[in-house]
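Asker: The lines below spell out each chain.
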Amino acid sequence: MKKHLLKILALSLVGTLAFAATGPDTYVQMTYGEVDSLDPAQAYDTASGAVLENIYETLYTYKGESITEYEPVLATSYKISDDGKTYTYKLRHDVLFHSGNRMTCRDVEYSIKRLLVTNPGDSAGWFFAESLIGYDGVNAKDYFGDKITQADKDKYWAAIDNSVKCLDDYTVQFHLIKKDPSFFVKMMYTAGSVLDSKYAIANGEWSGTKKDWFSWAGKDLRSGFLHNHDAGTGAYQLVKWDGKDVYAKRFIGYWDFAHKAQMENIIIKVVDEQATRIQALKAGDADRITVNDRATLETQIRGMANAKVLESDKWLGAGARAVFFNQKIAAKDNKLIGSGKLDGKGIPADFFKDVNVRKAFAYSFNQDAIIKDLYLGKAVPLTMALPPSFLGYDPNIPIYNLDPDKAEAFFKKAYGGKLWDTGFSMTIVYNTGNTIRKAVAEILKENIEALNPKFKISVKAMPWPQFLAAYKNGQLPALVLGWGADYADPDNFIYVFYHSNGYYAKKIGYSNPQMDKLIEEARSITDPKKRAALYSKIGYLAHDDVPVLPLPRPTGWMVLAKNVYTKGAPAGMDVYNNPMRSGSFLWKDIIKK
Amino acid sequence: MLNYIIRRSLQIPMVLFVLSLIIVGLMQLLTPQQRAAAFVKSDKQIEHLDQIIKKYHLDEGFLVQYELWAREVLRGNLGFSRISKEPVTTTIRKRLPASMELALSAFIPIVLVGVWLGTIAATHRDGILDQALRVVAIIGWSLPTFVMAIWLVAWVYGGLGWFGIGRLPNSMLIDLATGHFHRYTGMYTLDGLLNGRWDVFFQALKRLVLPATALVIVVSAGIMRVMRSSMLDELGKDYVRTARAKGLMQKAVIYKHAWRNALIPVITMAGPMLGRMIGGIVVIELIFNFPGLGEWAAKAALQLDMTTLLAFVMLIGLIMASANLLVDIAYVIVDPRIRYE
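If you read the sequences in order, they're chains U and H. Everything in the first sequence is counted per the working numbering, starting at 426 for the first residue and increasing by one. Everything in the second sequence is counted per the working numbering, starting at 8 for the first residue and increasing by one.
These are calculated hints, taken from the structure and not from any lab test. Be aware that a few hints might be false.
[Stated by the list, open to error] One side only, chain H facing chain U, incomplete, derived with CB under 10 Å:
id, residue
1, 164
2, 176
3, 308
4, 311
[Claimed, not checked] A few chain U positions that, by computed beta-carbon distances, are all more than 12 Å from chain H:
id, residue
5, 521
6, 559
7, 578
8, 708
9, 735
10, 746
11, 756
12, 769
13, 892
14, 932
15, 965
16, 969
17, 988
In this text, a Cβ means the ideal position worked out from N, Cα and C, and glycines have one as well.
Bound-form chain H, shown alone (with noise of 0.2 Å):
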């Protein structure tokens, strides 16, 4: 197992080097005209186009291009973001933990709520509670998340006053800006239990309602229809069938024999979609005006920030990567057959 584990993450390292080799390439199909005119925001500064290509060296080739930020990245160097315009280590360790913060508080009820309401579909399988909830699936399923987050906001927030946007209230933001509040994990819910600030934790919390529960109404369905389908598989197998034979309790049959068999196709899926949460949640983030990575990295796709880009798509990488090597030792921890040689 340890064994396996040193191998796989032997090959992060490849996968990186082949993503920025993907990037620069791209980027190497617009013009150097082209890749300039991102930085260009007004008519003013039209004339610039000349100094801009030649400052940024964006005249020059693949090679050139790769090798001048390569060099700079082995001296640990990530570059500078024109998005957030500040040395992107600084930008990510900043909204790193805000997307992560998001992502954690909506992913554990996400995955909660897919898998209770797959298993209540699949033990009553075409009763009404399992028509019902396929319903309710098929909505979520099919609901933009823009439009379930713009709801939210203009009802909940804007209608009712309650929870609020961004990830703490202005009067709190001042008082950390000006006070001794140490950032620990960077996550405010955390950071304000481990600063004993309970208004600080409470507040943050607050802010993650809104955007969670979009997220867990849309993202969920898909959760429940795997869950229902795979629990449906487990339940016409022979142990099962061997299981209520032997006179055990409907309870007994499902939580103890089918329903982790049944999980491990949730836990493929939701490995990734953990990471891709993480990656940023561009729309909620947007709406719910909550400045993670998402956001930031949409803003250099739009603008052609590369340098943005190559280290956003780096650190994606490297969760993703992650994020599947921890979904196979889940696998073993669910299903004790499985083993990695």
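One chain only, chain U, in its complex shape (with noise of 0.2 Å):
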């Protein structure tokens, strides 16, 4: 009897279905990234995002895979006045938030002056507050500091205030400071969501009056209520964070009848090794994985019997890196360029302020090699510092590609040829880790040092914290630096990597008023045409002045379970794959057959 019982124990434990799948109705995806934030206003990241997407709307999103054609979803239609600064927005009548409210305009203007009114530092608040207020897209307590006046305070919250008004219920408007052509594609962020304002307030969240808006104001939004709470509208309801993992169900009353999902329940585990992923995968109990690089894919996974892998050329994402040419290097007490002069022992400070070095660098990177060593062969190299699927990307420009007979031609030219007689010295530094950056690092020093036996470039390896200070510091002489979109708009990449005034440009000093000027230019008009026309133009200087060298794009991949499908997926193809989108494909479209 002992025996026996021992051997039905024995039994059920060891499961009589060896290959469980995870339901018809459930999907099940294994990742690493951790959500950051489940609010809205608080969550930059992509792994918050993919998660946002889908129990959240805004009022306009991307149509399937495009990221230039877009769809009314919590709005009907929208208008922007003649002077480009006004957008109108009707919005649908038939929305139902989460807990049974129905959506109207004061849930708009809510959730658009809370983003306002708290944009903490490190969320995507600043993009909104650039269109819609201004102060450098700043929140008040951190523009103004400690010397704030009432007056200041006044004047800010009645910024906010003009910046949205409810015509009646079901009609927004936004007034712009100045004419934005990316406002409209910046409302699909996922912070631009719009919120269940009654649930929020009675839960503690900010009152949304002028009372006691200052004191939300740079607040750190993970220790509030709409941190791990769902006041949305989406196809699916939050049911869980615990931190980690995600669970979410459909929601009974989503508004879009016709759009039915077919998935019950929704999973995003945080599954950290990737083998434990990939058996996981194999075992059936999950539908989608995270496989991080390429020689995983195509040693362990390709061939897998329920598994697929899924690719396409065109998925290159939505973002751009490149290699940068700090041209206002930090000499106080940098070691990276030694004696800090032109004199074969260092590099001055403003190395790289001649357009004959920069040149000579790019002409001595292989993109080739590249593409081939780190990226199997599957990588695309970009023209410019934008991604091809943006808007005024143009194919047609010259890339950079290893010549060393043009490589010396310019470290001839450079310094009217004293470079070329002295010879210099100096230190790449990549963070541990960092493939990418020591690839690159590896790849100057080789051909550079081939050149001219007076080149010196070290390469060293430096952990992250270090790494980021003098980065902070403006110490490095070059470095790799990498920029994902937060809206489908060319200027959120052209700006930050070209204008004298932008995030990144502004930090290695680069600046050429015929540059600004287009750019400014191009941010000024609205038509798609005339735009695209510009950013070539834009294109075709940043080449000739090559302020940042633009690296290959790997191409993407998908891991899914055979069955997983999405809806509206283009021919030949099981899903399709929006780069804008977080999550690449939203859960209500997923389909297992």
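Hints given; two lone chains; assemble the complex.
Answerer: Here's what the structure looks like:
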């Protein structure tokens, strides 16, 4: 008897079903990125975005795979005034929040005002604030600091109060401080989601009035109610987020009856160990997993019986990476530039100010080697620091690739020939574990040192904190930096990389008045054709000027269980993949066959 | 005895105080910028470094930092964990039961297997069985835990589709998240029984098998070696010879006399081992996707999350001190000659 019991226990423990699937109405994704916050006004990372885009909704959104075509969600139509400064949206009448409250214009007004009031430094609030109230996109507390007066406060609040108005219960109007052709797409970012104002206020969030607005300015929303509660209208509602895994279920009151989601339950599991994710996919416990690198993809996933690898040359994501040439290196206590002079034992702080040096470096860089070694051949070189799917990307602009003769010619021209005679010595640094930064540094070292024995580049690894401090202090002579799109407008990249006031360009001291003029013109007009032409011009100018050297972009992939598809997939593909969606596709479009 | 327990218990706050001083002090060895760097996750956020330093008082001195932390702790607020994005106490309430469940389910078999095999090895000294067990022990001893764990995940779970990873199957997790399931202890096996949910009990137990097996294989070798040598020690002593001379049967000599005394070194070893296991078995937690304290603390250490680290160290300090106390009490039970004044 005892033995029998043991046998039964052992058998039930092992499980009779060898390969348990996740179930026809449950979708399980395993990844390593942890959600940072589920408050739309705080979240500014892909892991959070991938959840938020399903439990909250914006007025308009991207259509299918496109980033230049849009479709209405919580709005039904919109109108831009002739001066380009007023945006009027008509809202749907039939939208329910997960609480059961009905959505009206007050909710839209509350959501955007809350974003502008709180605008914590590490959120996406800055680009909404830039368009709607100015103040450099910074919240009132950080903008004014300790010296803030009552008059400052009143003025700042008035700016917020004027930026969004309800004309009636279902018409909302936004007033921009100046013309901004990207405002419409900015509103599609998850931070532009519409929150259930009644529910939020009832649970201790900002009251929506002038009374307590200032106490919410710059607040870290991770300690608030909406950080881990859902006040959205999305097709899915949050069941639980335990700081790690996310559980959501289909919302039965969802307004879009025609678009009924097939999945009843969604689970996003954080499984840090890649080997475990792969085994879970194999065992049928996961429908989609994150695979970090192409080598694993090729050796372990391809050919797995119940899994599929989807990829496309068009899946280049919405990001760009480039080598930056620092034109104003901080010289104080900086060992990376040696003597700090052009004497063969170092480099001067403005070493990269000479365009010939930048070009010589660009012609010493082997794009093919990066593509072949780092990405196993699956990458596309970029002509400019802009994702190829974006408006204005010009594929005809020439690409810098290894050309020792040209590199030598430019080095000989640099500093009136002095550089070639005296030589130089510098250190390129990468943060430990960053394979791209390391590869770029090593390629430059190898090719440049081969040109002239007096050219010396050392490559050094630094732990992340030290690397960051060195970057922050402007000590790095050359480095690789990346930018991911916040919204699908070329200005989001072009301004950052090339405008003298842009986030990165400013940091490396790049300034070209002609470039600034073109960028400002492109951000002030709305006609896409004219803008595209301007961005192409900018691309050519950036090629001549090489403030930064764009790096090749690897093509993306997705690893799914064999039976997973999405609605709206393009012909010949199993799923659609929109680079502006953190999760590539929406949960409501998932189907299992 | 009671006196002794009270006295020992009073030492615990002192231990915790010193531990907290050490952690805050160690953090001071890094520059404010280096500490702030741990908050920065993407190239875009680098510019926020100064704001971060200001916001979290990273540029303040040792005393100010310690005071800021201590004042909150005395108010019962252990702080907010950047790693789990929730208050530290909430995380501990969720993760400590998971760690305890895993630790206990591995600890009991580890001790049983270790003691059993150690006894066999000692009583068959230098025989084939002893030699064979020695080889097994060396293999177990030298096998890295992660190798064993990955092998079990790949072969038993991925290959055969047995047992599963995580704490419960996905479908059940949704069920529990939406339905009525009272969490009495936070340990799914126990809560399953208390709620009368046999399915939960079985599923939770099923998912403990692989991680516990990995631990038993790797850890019990140590216990076995200690048990063997301590048993041999005892078997060589006079009272054993006397017992044998009286004509006692081998079984009685071993289990009635020598065994209990031989257990003392095993208890000395097992107490802190249990403490450490509750503190988290990082590799096992990571590979079997078992969200316990270890994984949380390891991430906190990598990202220099001082609030989380302090809370974790306090908790482990408490657990280890309690484990040592329990060991001392266990001595008395095993060996009545031991008295605490």
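Asker: Hint by hint, say whether it matches the structure.
Answerer: Each hint, compared with the structure:
1. 164: Holds: closest Cβ of chain U sits about 6 Å from residue 164(H), inside 10 Å.
2. 176: holds, 7 Å
3. 308: Hint on residue 308(H): violated, closest Cβ of chain U at ~14 Å, above 10 Å.
4. 311: Hint on residue 311(H): holds, closest Cβ of chain U at ~8 Å, below 10 Å.
5. 521: holds, 20 Å
6. 559: Non-interface label on residue 559(U) holds, nearest chain H Cβ at 19 Å vs cutoff 12 Å.
7. 578: Given a closest Cβ separation of 20 Å, the condition holds.
8. 708: violated, 5 Å
9. 735: It holds; residue 735(U) is separated from chain H by about 21 Å at its closest Cβ, greater than 12 Å.
10. 746: Non-interface label on residue 746(U) violated, nearest chain H Cβ at 9 Å vs cutoff 12 Å.
11. 756: Check passes; 19 Å lies beyond 12 Å.
12. 769: The claim holds: residue 769(U) sits with its nearest Cβ about 32 Å from chain H, beyond 12 Å.
13. 892: violated, 8 Å
14. 932: violated, 8 Å
15. 965: Given a closest Cβ separation of 26 Å, the condition holds.
16. 969: holds, 26 Å
17. 988: Label holds. Min Cβ-Cβ 16 Å, cutoff 12 Å.
Comparing the model with each numbered hint stated earlier shows that hints 3, 8, 10, 13 and 14 do not hold.
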